[in-house]
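Please construct the entire structure, taking both the sequences and the accompanying hints into account.
These protein sequence lines map, in sequence, to chains A and B.
Sequential numbering from 0 applies to the first sequence in numbering that gives the first Met the number 0.
Sequential numbering from 0 applies to the second sequence in numbering that gives the first Met the number 0.
Keep in mind the hints are simulated off the structure, nothing from the lab.
Careful: at least some of the hints might be erroneous.
Unchecked claim - Listed below are several chain B residues computed to face chain A (Cβ distance under 8 Å; list not exhaustive):
hint	residue
1	I7
2	A11
3	L13
4	V14
5	S17
6	Y26
7	L30
8	R32
9	Y36
10	V45
11	I86
We treat Cβ as the ideally placed atom computed from N, Cα and C, and that holds for glycine.
Spelled out, the chains give:
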Amino acid sequence: MDVKEYSIQQLHAAYASGALSVEAVTSAYVDSVANQEPTLQAFLHILGEQAIARADALDQRLRAGEEPSALFGVPLAIKDNLCLAGTPTTAASNVLAPYVASYTATAVQRLLDAGAVLLGKTNLDEFAMGSSTENSAFQKTRNPWDPKRVPGGSSGGSAVAVAARQSLVAVGSDTGGSIRQPASFCGVVGMKPTYGRVSRNGLIALSSSLDQVGPFARSVADALAVFNALVGADPHDATTIASDPVPPSVLTEGLASLRVGYVDDGALQGMDDEVQARVQEALRLIERAGAVLVPVRIPLARLSLALYYVIVTSEVSSNLSRYDGIRYGQVPGARAASGETFEQYTTRVRSAGLGAEAQRRSILGTYTLSKGYADKYYHRAHALMRAVAEDFDAAFANIDVLFGPTSPSVAFPLGEKFNDPLTMYLSDIFTVPANIANLPAISVPIGFAHQLPVGGQFIGPRFGESTLFRAAAGYEAESGFVQLSPASNALHA
Amino acid sequence: MQFTDADIAHLATLVRLSPTPEQRRTYAEQLSRVLEYVDQMNASGVAAPAEGARASVTPYDLREDRVHSHDGMNLTRQAPSREGAYIVSPPTT
Chain A
0 MDVKEYSIQQ
10 LHAAYASGAL
20 SVEAVTSAYV
30 DSVANQEPTL
40 QAFLHILGEQ
50 AIARADALDQ
60 RLRAGEEPSA
70 LFGVPLAIKD
80 NLCLAGTPTT
90 AASNVLAPYV
100 ASYTATAVQR
110 LLDAGAVLLG
120 KTNLDEFAMG
130 SSTENSAFQK
140 TRNPWDPKRV
150 PGGSSGGSAV
160 AVAARQSLVA
170 VGSDTGGSIR
180 QPASFCGVVG
190 MKPTYGRVSR
200 NGLIALSSSL
210 DQVGPFARSV
220 ADALAVFNAL
230 VGADPHDATT
240 IASDPVPPSV
250 LTEGLASLRV
260 GYVDDGALQG
270 MDDEVQARVQ
280 EALRLIERAG
290 AVLVPVRIPL
300 ARLSLALYYV
310 IVTSEVSSNL
320 SRYDGIRYGQ
330 VPGARAASGE
340 TFEQYTTRVR
350 SAGLGAEAQR
360 RSILGTYTLS
370 KGYADKYYHR
380 AHALMRAVAE
390 DFDAAFANID
400 VLFGPTSPSV
410 AFPLGEKFND
420 PLTMYLSDIF
430 TVPANIANLP
440 AISVPIGFAH
450 QLPVGGQFIG
460 PRFGESTLFR
470 AAAGYEAESG
480 FVQLSPASNA
490 LHA
Chain B
0 MQFTDADIAH
10 LATLVRLSPT
20 PEQRRTYAEQ
30 LSRVLEYVDQ
40 MNASGVAAPA
50 EGARASVTPY
60 DLREDRVHSH
70 DGMNLTRQAP
80 SREGAYIVSP
90 PTT
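So this is what it looks like as structure tokens:
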């Protein structure tokens, strides 16, 4: 068996028995990154030498009798909007192209403390703005199931790295679906925790009230291992709370007696027929496994995407204002010309350094925050955000988890939606509500449509990650869609 | 609401961007469509936010939406140490 097919649990057993060394496993993944990067372009910064050195050090600790920690010797990739001291951290933006982080994000440090081996930093849409990873200033990442198609976004590089066996696990950030939608497109597991579970210290901000870091993995069990390493209070992020880890025992509790809600108000209109068929099949499987299906209505959820784009663009216009070429960000060679005013200089730097989507969102956010329109847009969106959350809370009074599609379609061809922002935004229509209502959610593979992976999404109650992981693992065990591989042609049948 | 070229130019100035005329035309068209979609939240029939809820978000009046220019030389003259047009700052690591 290829070592890249091992789960975390299998790797740890092999390390403990001496059948494998961390160096051997890390080398296999480093080679996989090198071999596939010319096609996939998932990584912005490859840290192969550092990874091998780290693996050697871990092997020495193992030989010295050290008890392996939760992610000991686990190959990991991180999205390039997370700071890693001494390493370029660009958020895929030209304005941060020369930036080298001076500190390490709390989330990343926790993964390293748990023993992970960092292979590199992955590509994303600029500042995590997008649903296809085409908005990166540096390269377009390809879907390993079909390189002519997008991997989803904005954490497309992390999803591809896990799906293509370039890394065992990865982390990304999810503001409106940026973990779950690419997980769905690439046939892997992707999870967004409840806001407050994971520190945002060292995460380059997109929308500070919604951003959340979470895991990618090829199984729910591996996703849980990464989640448990990530969570907890952080004095550097006042929005975090103390969190007990989710016990691995939930992974074997199954679906029996769980009350699984599904939306029954026509909100699924506009979906690809084959994707909808896979969702219906998944619901039947969930019922056969002993769960109770409960139709629910969440009428205000349909407004989530509209108010999401008010809140996000408003926060973007504020968060990105720091990239003025003085406090943060610069474009190589853009020194102030003699006699140039502050406004002229910053305008020149920002216009050259920020891509089209960043510019569009900054402009729209300036409008929605403007004196004449803030009541109509920003303040109203905040009021509606609370109303949407209350709508979900009412539904969760009668159910344990909610199940539905992750995305209305499978991965779409490169370039198809690139010049049509609204159509691109609509690909997040099923993921955004969990962010707006601040609920944890996880996408798991549920089959294929048009010979491409389809994801189904479980949404849990606020801070209800235990139930969420139980449901996802229960479905995974029943379905057999564990560790799908783009290299396996049989799965396309 | 349909954004005009002048709207985009004004908003871009406020947010310190200088899109080309072609970019302004493209942004106006794209953002008009986005705003049309966003406006469904205003047509939702859900009650407008109460004064109290609004105050909790922004407990102050918004300033006018116009560009404020600073007298850069007046500011730099206050720096404790200068070298030509530049401000000398302590070394950082």
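- request: Would you check whether B/R32 satisfies its interface hint, that is, whether its CB is within less than 8 Å of any CB in chain A?
  value: holds, 5 Å
- request: Report holds or violated for the interface hint on B/I86, using the least CB-CB distance to chain A and a cut-off of 8 Å.
  value: It is violated, given that the least Cβ distance between B/I86 and chain A is near 11 Å, above 8 Å.
message: Next item in the hint list is B/V45. Is there a CB on chain A closer than 8 Å to its CB?
response: holds, 6 Å
task: Using 8 Å as the Cβ threshold, decide whether B/Y36 counts as touching chain A.
output: holds, 6 Å
query: Should the interface hint for B/V14 be scored as holding, given a Cβ-Cβ cut-off of 8 Å against chain A?
result: At 5 Å from the nearest chain A Cβ, B/V14 passes the 8 Å test, so the hint holds.
- prompt: Does B/L13 pass the interface check with chain A, least Cβ-Cβ distance below 8 Å?
  reply: holds, 5 Å
message: For the restraint on B/L30, tell me whether the closest CB of chain A is nearer than 8 Å.
response: holds, 5 Å
field: Evaluation of the interface hint that places B/S17 against chain A, nearest CB under 8 Å
entry: The hint holds - B/S17 has a Cβ within 8 Å of chain A, the shortest such distance being about 5 Å.
field: Agreement of hint B/A11 with chain A interface, Cβ distance less than 8 Å
entry: holds, 6 Å
message: Hint B/I7 vs chain A: min CB-CB distance below 8 Å?
response: holds, 6 Å
query: Per the CB criterion, is B/Y26 less than 8 Å away from chain A?
result: OK, holds: B/Y26 within 8 Å of chain A, min 6 Å.
The structure fails hint 11 only (numbered hints given earlier).
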